[in-house]
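K.L.:
Whenever a hint applies, use it, and build me the whole structure from the sequences.
Residue strings, one per chain:
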Amino acid sequence: MTAVSRSQLITAEIIRSYLETVCGEMSKVVENTSISPIFSETHDYSVGIFFSDDRGISLLARAQSVPVHIFAALTSVETVLKTYEGQIEEGDLFLAADPYYGGSHIPDWTVVNPIFVDGKPRFFTSVRGHVNDVGGCAPGGYNTIAREIWHEGFRIPPVKLRERGELVEDVWNLILCNTRTKDDITGDLSAMVGGCVIGERRIRELLNKYGMKSVASGVDYILDYSENRLRAEILKWPDGVYRGRSVLDHDFAGGGEVPVEAAVTIKGSNMKIDLTGSHPQVPGFVNSVRANTISNIYSSLIALCPDIPVNSGYFRPFEIVLPPRSVVNCDPPAPVGNSTVCIGSDIMEAVMKAFEAVAPDLVGSANIDLVNVRAYGVNPRTGKFFVGSDLTATAMSAGGAKGTDGWGGYAAPFCALKLPSLEMYERQYPYHFVQAEYVTDTAAPGQFRGAPALHYRRRVLTPVKAIVFNQGWTNPMQGYLGGKPGAGNYFVLNEGSQDELLVTKFCYDVLVDTGHVIFAQSGAGGGWGEAFSRDPWRVMGDVQNELVSVAAAERDYGVVINPATMTVDPDATAKLRGVSRSAQTASGTAP
Amino acid sequence: MTDGGARALLDRLRANAEDASGISSSTWPRPVFTALFSSDLQSSLTTAVELLPSFTGAVTSVRDFFGSHWAAGDVGITNDADAGASNAAEMIVVAPIMGPDGVQGWAAARGRVPDFGGWERGSYSPQAIDRWAEGARIEPAKIMIRGKLRREVADLLKLNSRTPDATLRSVLDIIEFARAATNEGASWLYDHSRLREIETPRIETALGALSKDACVVERTLYSLAGGVAPSISVRLEWDGELLKVKLDAPPVATNHVNLGRYGAADMVHAALAAALGAPALCTDALSSRVGIDVPEPSLASAPIPSPVGLGRETTGQAILRATLGALAKVGLHSDVDRAWQTYVSRIFGGGRVDLSTGKLLPDQAAAVGTLMLEARAQ
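First to last, the sequence lines map onto chains W and A.
Mapped onto this note's numbering, the consecutive letters of the first sequence carry residue numbers 1 to 591.
Mapped onto this note's numbering, the consecutive letters of the second sequence carry residue numbers 1 to 378.
Bear in mind the hints are in silico, worked out from the structure with no lab data behind them.
You can take every hint at face value.
With a straight-line Cα cutoff of 20 Å, these simulated EDC-like cross-link-like pairs (lysine to aspartate or glutamate) come out:
hint: 1; chain 1: W; residue 1: K267; chain 2: W; residue 2: E356
hint: 2; chain 1: W; residue 1: K384; chain 2: A; residue 2: D130
hint: 3; chain 1: A; residue 1: K158; chain 2: W; residue 2: E148
P.N.:
Written out as structure tokens, the structure is:
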């Protein structure tokens with residue numbers, strides 16, 4: 001940004017804050033007007049405001065959102081502009097969703113609303129949301145046995161949903177008739193459009209107040225500010241090449257482990273992230289398109305530097321190298337349905353592991369494991385087909401980080417997602433939850449432990465079919481700085497019946513009959529730091545809260561607790577830990 | 001229109017459908033059928049009377065979706081089995097015949113594209129658990145507006161096909177058939193009842209010879225996924241005015257042997273046309289003397305979400321055979337096997353599906369594969 005006055009800076013900062021507030025309002029509009037629980041309850045959508053000038057398309061602001069949407073939303077806007085170059089008119093509104101056209105996976109629909117200033121589209125409001133069904137071969141959009149993109153759902157290239165202010169009704173209907181829950185998704189899509197319209201209204205109010213020149217100047221400031229702050233952070237980190245690795249258990253197609261390799265090169269205020277060495281693309285649905293991979297890379301960085309506004313300025317210091325035809329940069333028609341999180345979270349984890357040596361105080365599990373069950377059938381209450389979009393089962397609980405234990409909710413980059421209310425699920429779907437609780441001795445040990453695993457048990461009240469996709473059975477989310485890995489994930493369908501089925505990888509279209517139980521263990525992130533360094537008082541607290549057993553306290557943490565008195569035996573603890581009590585006292589960790 | 005003029009018109013429509021020498025040869029695979037309708041859809045002329053009920057359903061669906069919003073050069077498209085299509089890869093296009101006072105009639109054409117998604121190449125997917133798993137769905141949309149290809153719909157068609165360019169080319173060819181019919185239809189519409197008047201006496205003579213005893217014929221259905229094969233029954237009753245055809249069918253199947261809406265009526269028509277001499281029939285004269293009662297929902301008329309992709313080849317075949325059997329019982333004899341083979345040859349353009357697998361025949365699957373490779377090379 002060229003030399004500016006103090007008042008210009010203040011104006012620019014007001015504009016930045018205003019745009020983020022507008023995103024917040026857009027987000028609320030979507031939350032409050034959408035129909036499907038995946039929007040209204042779980043909040044699996046993101047909003048953004050974009051700007052177009054000679055430099056191309058820039059992300060200016062976003063609401064607290066789902067990280068894998070961030071960069072891919074930007075590429076969706078770019079793809080819309082490229083596809084309709086010279087054919088965008090005032091009043092047009094677009095929808096795009098295809099992974100190979102700037103998207104991530106088919107269920108992530110992106111509404112893009114151009115805002116014209118002086119006859120040109122200069123701003124774009126956008127909502128990217130995960131719709132609950134996209135037709136195709138598997139209800140719920142996660143086809144565990146897909147071998148090509150056409151097995152995964154209805155593909156949507158950039159299309160006009162509104163043309164010069166008029167709804168394009170047949171295209172709108174054509175898209176929605178390719179979902180199994182048309183009524184609900186009609187409401188969700190309308191909510192996305194509504195969010196964009198509110199955003200446009202607010203941007204016009206901004207332009208009316210400050211004028212385009214001031215706002216454009218503010219845009220420069222916004223982007224430069226994020227870039228400069230991030231570069232300042234990178235400069236604090238030592239130059240060098242750092243490596244990280246993460247591994248998926250399997251590829252959903254009979255193949256073995258699928259590793260992601262990350263090499264992070266820091267040089268001055270620049271950073272190169274190279275995923276060369278990652279596994280070639282696979283037959284199953286964990287392949288990631290470029291935009292999705294980059295989204296997940298940025299998500300790790302955002303977790304490391306959480307207080308820097310995320311916009312296109314944030315992306316400037318990076319060079320990203322992705323090997324072609326690999327699981328992190330696949331070619332069509334490879335299936336990609338599960339990639340937003342698996343392999344996406346593994347990309348995040350590999351990058352985060354590379355930072356273990358760079359910024360040990362900042363690292364921790366930023367990822368989640370998208371392990372889930374999609375149960376579907378006819379809801380006897382409504383007589384209508386339903387697909388349970390159940391994110392309760394997703395292994396999402398956070399790992400430990402320096403200064404804090406993992407909490408029982410989504411890891412930081414995913415914290416825009418909300419744990420849905422089980423009571424609401426019971427209202428909306430034919431389920432009766434019989435258990436949802438932490439499990440003793442499942443928290444990843446560490447100086448700061450991970451959250452415990454959750455056990456969910458639900459009884460189905462009508463016959464349903466289920467698709468389960470699971471990872472993390474053999475490669476759970478990793479620990480950091482000596483912290484142990486999380487507990488891992490698995491499912492049991494028809495638990496306790498003759499048809500009981502343990503699912504550690506996946507299944508497709510399995511009957512769960514009325515009254516039968518679906519069980520899920522939803523693991524959590526890893527611990528941070530050596531478990532034997534954990535404050536014994538904290539271990540005692542975990543024992544009192546039944547998160548850790550007396551035996552595990554001794555085995556995993558080296559803390560000896562008298563079960564009769566429920567007190568820590570300091571001498572036995574010190575002996576077991578191999579350090580003197582005085583040393584503990586000196587370090588402030590003595591009981 | 002004179003008798004000769006009417007016959008000449010029909011011959012031209014048939015020539016379009018069966019020879020198509022003036023139209024690009026990329027349509028996959030042939031044949032393409034056309035139909036003309038009066039504006040109220042009460043009168044019709046078609047190159048495949050075996051498909052007249054579903055043609056009527058499709059035109060009704062497309063017409064009604066857009067209400068009064070039609071202009072010269074507009075073309076609607078659907079592959080919706082609830083509206084008359086038989087399989088995700090079968091496209092039906094509908095174009096208005098415009099006159100000075102608006103829509104004077106309708107032209108429609110139908111044919112297959114190489115692929116439109118689903119589990120398997122060619123969109124025959126025995127493992128499909130529902131309609132969406134068989135391929136992408138097109139509820140009525142306009143593929144052309146005022147003669148110009150609609151980008152959004154064309155892009156959606158292409159992206160949801162394994163053979164994007166070949167699929168679009170095939171759709172454009174089918175549209176050309178509809179356009180050709182539109183041009184012919186303008187003259188037909190001035191006197192559209194003439195052909196029906198020509199056909200009616202023949203149909204009445206044939207039906208008049210039928211016994212008035214009701215009869216029922218059962219026919220075992222295609223075995224469903226190795227299970228016990230259910231049966232379907234056709235009951236005929238001729239009261240001297242109307243031939244009542246009542247089907248009894250098992251419940252909707254979980255796999256793709258269901259028929260979509262109008263599929264059963266099509267097959268009854270096909271049986272009657274075979275018994276009466278199909279090539280000679282081309283109007284709604286037959287429809288006006290036949291009342292068809294199909295239970296819904298059932299295997300014979302399975303609404304969404306039921307899969308339907310193989311319905312005509314399986315359940316449809318059973319209905320055709322049962323109907324011909326019933327007709328024989330009331331005095332109208334025909335060679336049932338030959339009738340089915342003629343149907344396969346005429347309507348399917350020869351064998352298309354391997355009934356032992358429920359998938360496209362290997363040679364046709366290979367041909368789709370070749371088109372897929374071409375698409376990837378581009």
